[in-house]
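Student: Residues per chain are reported as follows:
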Amino acid sequence: MAYSFPEEVLEHVFSFLSSARDRNTVSLVCKSWYEIERWCRHRIFVGNCYAVSPEIVIRRFPELRAVEMKGKPHFADFNLVPEGWGAYAYPWIAAMAEAYPFLEEIKLKRMVVTDETLELISKSYKNFKVLVLTSCEGFTTDGLASIAANCRHLRELDLRESEVEDLSGNWLSDFPDSCTSLVSLNMSCLGSEVSFSALERLVARSPDLRTLRLNRAVPLEKLANLVRHAPQLVELGTGAYSAEIRSDTFSSLADAFSACKQLKALSGFWDVVPSYLPAVYSVCSGITSLNLSYAAIPSSDLVKLISQCQNLQRLWVLDYIEDSGLEALAASCKDLQELRVFPSDPFGAEPNVSLTEQGLVSVSEGCPKLESVLYFCRQMSNAALIAIAKNRPNFIRFRLCIIEPQAADYLTLEPLDTGFGAIVENCKELRRLSMSGLLTDRVFKYIGTHAKKLEMLSIAFAGESDFGLHHVLSGCDSLRKLEIRDCPFGDKALLANAEKLETMRSLWMSSCSVSFGACKLLAQKMPRLNVEVIDERGPPDSRPESCSVERVYVYRTVASRQRLDMPDFVWTLEEDSSMRYALYVLEALVLFQRWFACLLQFRWKLGTLPLKQEENWLELLKMSTIFTLAELSFTNKDAIFNVIFIRLWE
Amino acid sequence: MASASDCISQTGPGLKERNYFGFSDCSSVDRSTVSSAHLESKNNMNMKATELRLGLPGSQSPERDSDFSLLNSVKLDEKPLFPLAPSKDRICTLSQKTVASGNKRGFDDTVDGFSESKTTNFSEGNWMFNATGSDPGQAKLAGNVISIRPSGTQLAIKSEVPAKTLQESTNKIIGTNTANAPAAKAQVVGWPPIRSFRKNSLVTTSKTNDEVDGKPGPGALFVKVSMDGAPYLRKVDLRMYSAYKELSSALEKMFSCFTIGQCGPQGAPTRKMLSESKLRDLLHGSEYVLTYEDKDGDWMLVGDVPWEMFIASCKKLKIMKGSDAIGLGSSSYQVLLHFKAKKSLMYPCFVWDLAVYQCFYKESFRPDYGSDVPECFVLMSDISFICLLAFSCVFLECLLRLRLYLLFILNLDFLVEAQ
Numbered sequence: 001m002a003y004s005f006p007e008e009v010l011e012h013v014f015s016f017l018s019s020a021r022d023r024n025t026v027s028l029v030c031k032s033w034y035e036i037e038r039w040c041r042h043r044i045f046v047g048n049c050y051a052v053s054p055e056i057v058i059r060r061f062p063e064l065r066a067v068e069m070k071g072k073p074h075f076a077d078f079n080l081v082p083e084g085w086g087a088y089a090y091p092w093i094a095a096m097a098e099a100y101p102f103l104e105e106i107k108l109k110r111m112v113v114t115d116e117t118l119e120l121i122s123k124s125y126k127n128f129k130v131l132v133l134t135s136c137e138g139f140t141t142d143g144l145a146s147i148a149a150n151c152r153h154l155r156e157l158d159l160r161e162s163e164v165e166d167l168s169g170n171w172l173s174d175f176p177d178s179c180t181s182l183v184s185l186n187m188s189c190l191g192s193e194v195s196f197s198a199l200e201r202l203v204a205r206s207p208d209l210r211t212l213r214l215n216r217a218v219p220l221e222k223l224a225n226l227v228r229h230a231p232q233l234v235e236l237g238t239g240a241y242s243a244e245i246r247s248d249t250f251s252s253l254a255d256a257f258s259a260c261k262q263l264k265a266l267s268g269f270w271d272v273v274p275s276y277l278p279a280v281y282s283v284c285s286g287i288t289s290l291n292l293s294y295a296a297i298p299s300s301d302l303v304k305l306i307s308q309c310q311n312l313q314r315l316w317v318l319d320y321i322e323d324s325g326l327e328a329l330a331a332s333c334k335d336l337q338e339l340r341v342f343p344s345d346p347f348g349a350e351p352n353v354s355l356t357e358q359g360l361v362s363v364s365e366g367c368p369k370l371e372s373v374l375y376f377c378r379q380m381s382n383a384a385l386i387a388i389a390k391n392r393p394n395f396i397r398f399r400l401c402i403i404e405p406q407a408a409d410y411l412t413l414e415p416l417d418t419g420f421g422a423i424v425e426n427c428k429e430l431r432r433l434s435m436s437g438l439l440t441d442r443v444f445k446y447i448g449t450h451a452k453k454l455e456m457l458s459i460a461f462a463g464e465s466d467f468g469l470h471h472v473l474s475g476c477d478s479l480r481k482l483e484i485r486d487c488p489f490g491d492k493a494l495l496a497n498a499e500k501l502e503t504m505r506s507l508w509m510s511s512c513s514v515s516f517g518a519c520k521l522l523a524q525k526m527p528r529l530n531v532e533v534i535d536e537r538g539p540p541d542s543r544p545e546s547c548s549v550e551r552v553y554v555y556r557t558v559a560s561r562q563r564l565d566m567p568d569f570v571w572t573l574e575e576d577s578s579m580r581y582a583l584y585v586l587e588a589l590v591l592f593q594r595w596f597a598c599l600l601q602f603r604w605k606l607g608t609l610p611l612k613q614e615e616n617w618l619e620l621l622k623m624s625t626i627f628t629l630a631e632l633s634f635t636n637k638d639a640i641f642n643v644i645f646i647r648l649w650e
Numbered sequence: 001m002a003s004a005s006d007c008i009s010q011t012g013p014g015l016k017e018r019n020y021f022g023f024s025d026c027s028s029v030d031r032s033t034v035s036s037a038h039l040e041s042k043n044n045m046n047m048k049a050t051e052l053r054l055g056l057p058g059s060q061s062p063e064r065d066s067d068f069s070l071l072n073s074v075k076l077d078e079k080p081l082f083p084l085a086p087s088k089d090r091i092c093t094l095s096q097k098t099v100a101s102g103n104k105r106g107f108d109d110t111v112d113g114f115s116e117s118k119t120t121n122f123s124e125g126n127w128m129f130n131a132t133g134s135d136p137g138q139a140k141l142a143g144n145v146i147s148i149r150p151s152g153t154q155l156a157i158k159s160e161v162p163a164k165t166l167q168e169s170t171n172k173i174i175g176t177n178t179a180n181a182p183a184a185k186a187q188v189v190g191w192p193p194i195r196s197f198r199k200n201s202l203v204t205t206s207k208t209n210d211e212v213d214g215k216p217g218p219g220a221l222f223v224k225v226s227m228d229g230a231p232y233l234r235k236v237d238l239r240m241y242s243a244y245k246e247l248s249s250a251l252e253k254m255f256s257c258f259t260i261g262q263c264g265p266q267g268a269p270t271r272k273m274l275s276e277s278k279l280r281d282l283l284h285g286s287e288y289v290l291t292y293e294d295k296d297g298d299w300m301l302v303g304d305v306p307w308e309m310f311i312a313s314c315k316k317l318k319i320m321k322g323s324d325a326i327g328l329g330s331s332s333y334q335v336l337l338h339f340k341a342k343k344s345l346m347y348p349c350f351v352w353d354l355a356v357y358q359c360f361y362k363e364s365f366r367p368d369y370g371s372d373v374p375e376c377f378v379l380m381s382d383i384s385f386i387c388l389l390a391f392s393c394v395f396l397e398c399l400l401r402l403r404l405y406l407l408f409i410l411n412l413d414f415l416v417e418a419q
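Heads up: the sequence lines are chains A and B, in that order. According to the UniProt record's numbering, the first sequence is numbered sequentially starting from 1. According to the UniProt record's numbering, the second sequence is numbered sequentially starting from 1.
Any given hint might turn out to be false.
To be verified - Simulated restraints on C-beta separations:
(1) K315(B) / K31(A): 54 to 60 angstroms
(2) K315(B) / I56(A): 40 to 46 angstroms
(3) K31(A) / D228(B): 57 to 63 angstroms
(4) T412(A) / W299(B): 36 to 42 angstroms
(5) E7(A) / K315(B): 36 to 42 angstroms
(6) E414(A) / W299(B): 51 to 57 angstroms
(7) D228(B) / R65(A): 54 to 60 angstroms
(8) I245(A) / K224(B): 49 to 55 angstroms
(9) D228(B) / T412(A): 58 to 64 angstroms
(10) D22(A) / E308(B): 56 to 62 angstroms
Source of the hints: derived by calculation from the structure; they are not laboratory data. For clarity, every value in this text was computed on a predicted model and none was experimentally measured. Note that CB positions come from ideal geometry on N, CA and C, so glycine has one too.
So that you can see chain A by itself, here it is in the shape it has in the complex:
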C-alpha cells in the first residue's frame, strides 16, 4: 500500500509530525518510509553529542536545516564535571559546514564553543538565522562580533546562561546597518558594558524585535529610551534596575512601559530599587512570565507586584518572597503553571528568610494549574509533601531541594520516604523528579512502583543499598536520564540492570560505590554503552579493581566508543579484544548447546537416538549445564571461562 502513495504525499504527511520521536517511529515502519523520512527531515535533536558522530548524522539526514544538541551531563551545571571534560562544538560545526551549507539554526546546550567555532558558523552558512547557546562556555565577545558582522539574516541570538569572556562591549556595533531582521536578542549573561549607542541603533532598526534581554551593565536611565524604540516587545529583560529616585526618570520609564501593549515576559531587575517597580504596573495585566530570580525584592514589594499580574503563568523568584508572599501568589495568580523559588543565601548556616514548606503547600492549594516546581527550602515534612501531592496530582516536574543534605522530616524526624512516595503515587504524569532530604531505600521502591512516566531523576545523598538503585532501574519504564551523587549505590544494581541502561540516554554516578571492575564488566557486557570513568586521581587501573571510581558516566552511543577528545582524567573502557572473542565463543556455544538439546529431544522422541553413544550424550549434557550456568552468571564470567576452556580445550 505504501508504494501506491507518491513520495510527495508522504512527505507532506510527515511534515505534520513535529515531534522527533514520532518521526523516528515513522522511519521504522518500512524501508521506503525510512528513505522518504530521512530526505525530508529538516531538524534534529541530539541529546548527547557523543551518542552519535557527525558523519552518521550527515549520512542519514542530507537536508537538515536546524540542529539542536546537548553536550555535558546536567550535573556539569553544579561543577561536578571537571573542567576540560569535552563536549566541544567545533567538530560538529566543521563537519556540518561542509554538509549543510543552508543550515539555519543551531541550538547548543552545555557545550564548549570557541571563537573559532563561532567564526566558522558565521562564515559557513549562507542563510544562518538562529543561534542559541545555553550554558555554553569557551568563547569571547570577539566570537559574537563575527556572528554579528557576518550573519546577514540573523533573527535570533540568545546566549542564555553562557559564560562569555568579555573582551569588549563593542561587538554590538558589528551588526551591519543593513541588519534589520533581528527578532530575539538575549545578552543577559554578559558582564561588561555594551556600546549603548550601538544597542540603541540596533533596537531602533529592528522592527520585528520581540525579545530583548539586556545585561546588568545597561543602566535604568537608558532603559526607557530602548523600550520606547521597541513598543512591539513581547519579552523584555531589563538591565540594572536601580537609579536615584527621580520623578522624571520614573515617569519616562512608566510611559515607555505603558506603550508596550504586547509585553508578556519580564526578567532582569538586577540591583533592583523597589520604588521603581511601579513603573511596570501598567503592563502587568498582560504579563505571563516573570523572572525575578536575580532581583532581591523584599516580600512586601513582591506581593504588590505579583498581585498586579493576574495572568501570571510562570514565576521565578528568590526566597525573599517568603511564605506570606507565596500565599498572596496563591490567592491572586490562578493560572500559575510553573514556580521556581531560588535561595538567596544557599550557603548560610541559618535561614535568612522565613520560607518554609508552608509556602509551597499554599501555592499547591491555590493554583490549580501548577504543574512544574523547583523549590529550595530549609525544612520539609512528610505531611506537607502528602498535602502537596493530594492538592496537585497534575505535577509534571517536581524538584525539591532541602538545602541541608539528608535533612529528615523536621516534625517527626523520620525519613521523607512517605512524602516523596505520595508525590510519585499521586502524580501519574510526573516526568522529572529531583529529591533531597533523608531518604531510605523505601522511597525508591515507591518510585519504581509508581513513577512509570518518569523520564529524569536526580538523586543526592539518599538511599541505603543497591536495592534503591535496583528499584529505580527495574521499575521506571520511561526513565531516560538518571543522575546520582553521593549515594551508596554500587555494582550489583548496575550490572543487574545493564540492559536497562541501553534504553536510557545517560546515567551519571559520582561519589557512589561503583568499582572499576564493575565498569569494565558493564562495558564488556553492553557494547553499545560507553562507560566513561572520570577520575582525577590518576588511572583507575593503578588501584585495586574493587576501589570505587570518582565518577562514572554511562551513555548509549552509536558512534565509536573511543572518543577522540578525551582529557587525561577520563577513561573509556576499551573492549578487551581477547575477552570480546571469548564472549563470542561463549555465546556461540550457548546457542549451539540449545540447538543441540532440541535436536536431542527431537531425536529421542523419534526414537532414532543411537543408544550406544549414551556416554557421549551424557558428557554433552554435562557441558550444557555448564553453559547454562555461564549464561546465568554472566557477571562472574572470568571464573566460568576458566571452567569452560579447561573443559573444552584441554
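Please arrange chain B on chain A, whose structure you already have, making use of the hints.
Tutor: Okay, now just chain B, sitting in the frame of chain A:
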C-alpha cells in the same frame, strides 16, 4: 593595636629560632609553633589571615607552607618527628588539593562521617563558622585539634613501615582529616544544586550585603585566570583560598607546565630545586607577575590589598609577563620604602595595623625578588605614610626585633605636590 603588638611579640622568637636553623623558607613551621603554643591566641591567627604580607603572592613555598587550616599546621608541628619528610609534604599538598578541589574523596568521607557519627559532624560544621567568628568556638576548636592529633601520630608510627603501607595509611589519614575538616563539609561541591552561573551572580548581588556585614559569604566565587603564553584559561574559586599564598600555590600548580621551560636560564636548578625556582619564576620573579582586574576594571597587582578586599573586588586574574606589568597600579606619587632582609624573615613580620592597610587600598604593592636577597618595595600614598608614622613605634620595634634593615628612601614629590 594591642593584638597586633601581641602577635609581634609571639612571632618574634620563633622567627629568630628559624633563622638559626638556617632553613631558607619555613615560616609555616614558625607559625604552627606559635599556633600550637598559643592556641588561645586564635585572634592572632585570624589576624594573620587578613594581614597584609610582603612576599605575596606566593612568597612561601606551597609545599611546606600550608597554614590554611589549623589541621595542617598541627601536622606540620610534628615535622621533626618524621623521618620521611617529603612524603608527608605530599600529604599536605594532597589534602590541600582535596579540600581545594573538593573532589570525590572529600564527599565520600564526609558522607561516611555522616553515617558514622552524625552528631559530631554537625557540631564540627558549626565549629567552622564559630572559628572564623568569635570566642565561643574556641573550646571546640581546641577539641578538634586534639582529635586530629592521633592521626598525626599514627602517621608518625607508620612512617617506619614500607612505602606501600605508608601510602595506604596516608590515604586513610587524608580521608579522616578531610572528614574531620569542617571545611570539606561546608564546601560540598555542587550542593545545593545551583548553577555556577547563578551562584556567581548571587555572589555579586549579595556583595553589598556582605560589605555591610563585614564578612564575605562562603559561596563559590569563580574568576578566570589567564596567563601570557598559555593556550587556555582556567577558573579558580577564590573562596577556596583564605590567603594569597594558597592562591598562588594553586595557580602555580595549574600553570607550572608553562613555566618549567622558562626557569632554565635562571641557572640550572637541580631536580629538587626545580619547584622552588619555578614558583619564584612564576609568581614573583621578574618573569611573571600575578595581576587582577578589580571591579572598576583596573588592572592591579595581586597583593596590593588585604585578601578579603581582594576577593570582593577581583573579577579576573592574569599572569603577566613582568615586563608588561610595569606601570600597573595607580602609584606614581609615593613614598618608597625599601626593606632588605634575610628572606626567611620577611613574611610574618608585617603586622600592620588595620588602619594602615585600609590606606593601602587602591595603592600598589609590589614585591620583587630579583636576586637571592629579596627586596620589597612598598609603594604607598602620602596618607598611608602618615598613618605609618603614627604607628611607627610599633613598626620600628617590630623591625628591630626581627633584625631587619630598614631604609627609607623618600620620594619627596608628593610633598611638593601637597604644597
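Student: Hint by hint, say whether it matches the structure.
Tutor: To see whether the hints hold, each was checked on the structure:
Here the CB-CB span from K315(B) to K31(A) is close to 59 angstroms, well matched to the stated 54 to 60 angstroms. Judged by the Cβ atoms, the range 40 to 46 angstroms given for K315(B) and I56(A) holds: they are separated by roughly 43 angstroms. At roughly 59 angstroms, the beta-carbon separation of K31(A) and D228(B) lies within the given 57 to 63 angstroms, and the hint holds. Taking the beta carbon of each, T412(A) and W299(B) are about 57 angstroms apart, not inside 36 to 42 angstroms as hinted.
Checked against the hint of 36 to 42 angstroms, the pair E7(A) and K315(B) fails, with Cβ atoms roughly 58 angstroms apart. Take E414(A) and W299(B): their Cβ atoms lie about 56 angstroms apart, and the range 51 to 57 angstroms holds. Between D228(B) and R65(A) the beta carbons are some 43 angstroms apart, a value that contradicts the proposed interval 54 to 60 angstroms. At roughly 36 angstroms, the beta carbons of I245(A) and K224(B) sit outside the given window of 49 to 55 angstroms.
Between D228(B) and T412(A) the C-beta distance comes to about 60 angstroms, which sits within the given range of 58 to 64 angstroms. The hint said 56 to 62 angstroms for the Cβ distance between D22(A) and E308(B), and at roughly 57 angstroms that hint holds.
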